[in-house]
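Engineer: Sequence:
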Amino acid sequence: MLCRAVPEVLVEAAIVSHWTSGGEDEYFIFVYPDHAEYWTHFRKRYPYYKQVALRYGASAGSQYCPVFPTREKLIYWLSDVLNLSQGERNLLQLCEA
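Read left to right, the sequence shown gives residues 22 to 118 (our numbering).
Note that these hints are calculated values from the structure, not bench results.
Remember, it's a predicted structure, so these values are computed and weren't measured experimentally.
Glycine included, every Cβ here is placed at the ideal spot set by N, Cα and C.
Don't take every hint at face value.
Unchecked claim - Label pairs and their computed distance ranges (CB to CB):
| no. | residue 1 | residue 2 | range |
| --- | --- | --- | --- |
| 1 | 91 | 22 | 17 to 23 Å |
| 2 | 51 | 71 | 17 to 23 Å |
| 3 | 108 | 57 | 27 to 33 Å |
Using the sequences and the hints, build the whole thing.
Structural biologist: Okay, here's the thing in C-alpha coordinates:
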(Lines of atoms letter the chains of each structure in order from A and count residues from 1; the text may use other names and numbers.)
(Lines give C-alpha, C1' and ligand atoms only; values in the text may rest on other atoms or scores of the structure.)
Protein backbone atom coordinates (compact mmCIF):
# COMPACT_ATOMS: atom_id res chain seq x y z
CA MET A 1 0.00 0.00 0.00
CA LEU A 2 2.79 2.44 0.87
CA CYS A 3 4.64 1.42 -2.31
CA ARG A 4 1.63 2.46 -4.35
CA ALA A 5 1.24 5.71 -2.41
CA VAL A 6 4.75 6.92 -3.32
CA PRO A 7 5.87 4.80 -6.29
CA GLU A 8 9.05 6.79 -6.94
CA VAL A 9 10.62 5.63 -3.65
CA LEU A 10 11.67 2.04 -2.93
CA VAL A 11 9.82 0.46 0.01
CA GLU A 12 11.17 -2.86 1.26
CA ALA A 13 9.23 -2.81 4.53
CA ALA A 14 7.02 -0.55 6.61
CA ILE A 15 6.49 -1.05 10.32
CA VAL A 16 4.13 0.64 12.76
CA SER A 17 6.53 1.71 15.50
CA HIS A 18 5.63 2.58 19.07
CA TRP A 19 7.39 4.26 21.93
CA THR A 20 6.47 6.07 25.11
CA SER A 21 7.72 9.60 25.61
CA GLY A 22 6.94 11.55 28.78
CA GLY A 23 4.33 8.97 29.71
CA GLU A 24 2.54 9.38 26.36
CA ASP A 25 2.25 6.63 23.75
CA GLU A 26 3.41 7.59 20.26
CA TYR A 27 2.85 5.66 17.02
CA PHE A 28 4.30 6.25 13.57
CA ILE A 29 5.22 4.30 10.44
CA PHE A 30 8.90 3.55 9.87
CA VAL A 31 9.73 2.90 6.20
CA TYR A 32 12.79 0.91 5.08
CA PRO A 33 15.27 1.42 3.52
CA ASP A 34 15.03 5.25 3.50
CA HIS A 35 12.56 6.64 6.01
CA ALA A 36 13.44 10.31 5.39
CA GLU A 37 13.25 10.08 1.60
CA TYR A 38 9.91 8.27 1.70
CA TRP A 39 8.22 10.82 3.97
CA THR A 40 9.70 13.77 2.06
CA HIS A 41 8.09 12.48 -1.14
CA PHE A 42 4.88 11.57 0.71
CA ARG A 43 4.50 15.14 1.99
CA LYS A 44 4.95 16.53 -1.53
CA ARG A 45 2.46 14.10 -3.06
CA TYR A 46 -0.16 14.56 -0.30
CA PRO A 47 0.17 18.21 0.83
CA TYR A 48 -3.01 17.95 2.95
CA TYR A 49 -1.48 15.14 5.06
CA LYS A 50 -0.79 17.49 7.97
CA GLN A 51 -4.32 18.91 8.27
CA VAL A 52 -5.72 15.38 8.37
CA ALA A 53 -3.05 14.32 10.89
CA LEU A 54 -3.91 17.17 13.24
CA ARG A 55 -7.58 16.17 13.07
CA TYR A 56 -6.53 12.76 14.43
CA GLY A 57 -4.46 14.25 17.25
CA ALA A 58 -0.98 13.95 15.73
CA SER A 59 1.95 15.86 17.18
CA ALA A 60 2.46 19.06 15.22
CA GLY A 61 6.26 18.95 15.25
CA SER A 62 7.14 15.54 13.78
CA GLN A 63 9.87 15.79 11.16
CA TYR A 64 8.84 12.90 8.90
CA CYS A 65 5.81 10.69 9.50
CA PRO A 66 3.23 12.27 11.80
CA VAL A 67 3.19 10.77 15.31
CA PHE A 68 -0.18 9.71 16.76
CA PRO A 69 -1.41 8.93 20.28
CA THR A 70 -2.94 5.59 19.20
CA ARG A 71 -2.34 2.99 16.51
CA GLU A 72 -6.00 3.28 15.51
CA LYS A 73 -5.69 7.03 14.79
CA LEU A 74 -2.57 6.39 12.73
CA ILE A 75 -4.45 3.84 10.60
CA TYR A 76 -7.46 6.14 10.20
CA TRP A 77 -5.16 8.98 9.13
CA LEU A 78 -3.36 6.87 6.54
CA SER A 79 -6.68 5.55 5.22
CA ASP A 80 -8.07 9.07 4.82
CA VAL A 81 -4.97 10.59 3.22
CA LEU A 82 -4.66 7.73 0.72
CA ASN A 83 -8.45 7.70 0.16
CA LEU A 84 -8.57 3.94 0.63
CA SER A 85 -11.63 1.92 -0.28
CA GLN A 86 -13.62 0.34 2.56
CA GLY A 87 -12.10 -3.05 1.72
CA GLU A 88 -8.55 -1.65 1.90
CA ARG A 89 -9.37 0.07 5.20
CA ASN A 90 -10.71 -3.18 6.63
CA LEU A 91 -7.64 -5.09 5.48
CA LEU A 92 -5.30 -2.51 6.98
CA GLN A 93 -7.13 -2.63 10.31
CA LEU A 94 -7.06 -6.43 10.22
CA CYS A 95 -3.30 -6.44 9.62
CA GLU A 96 -2.81 -4.14 12.60
CA ALA A 97 -5.05 -6.10 14.96
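Engineer: Would you pick out the hints that fail for this structure and give their numbers low to high?
Structural biologist: As far as the earlier hints go, not one is violated by this structure.
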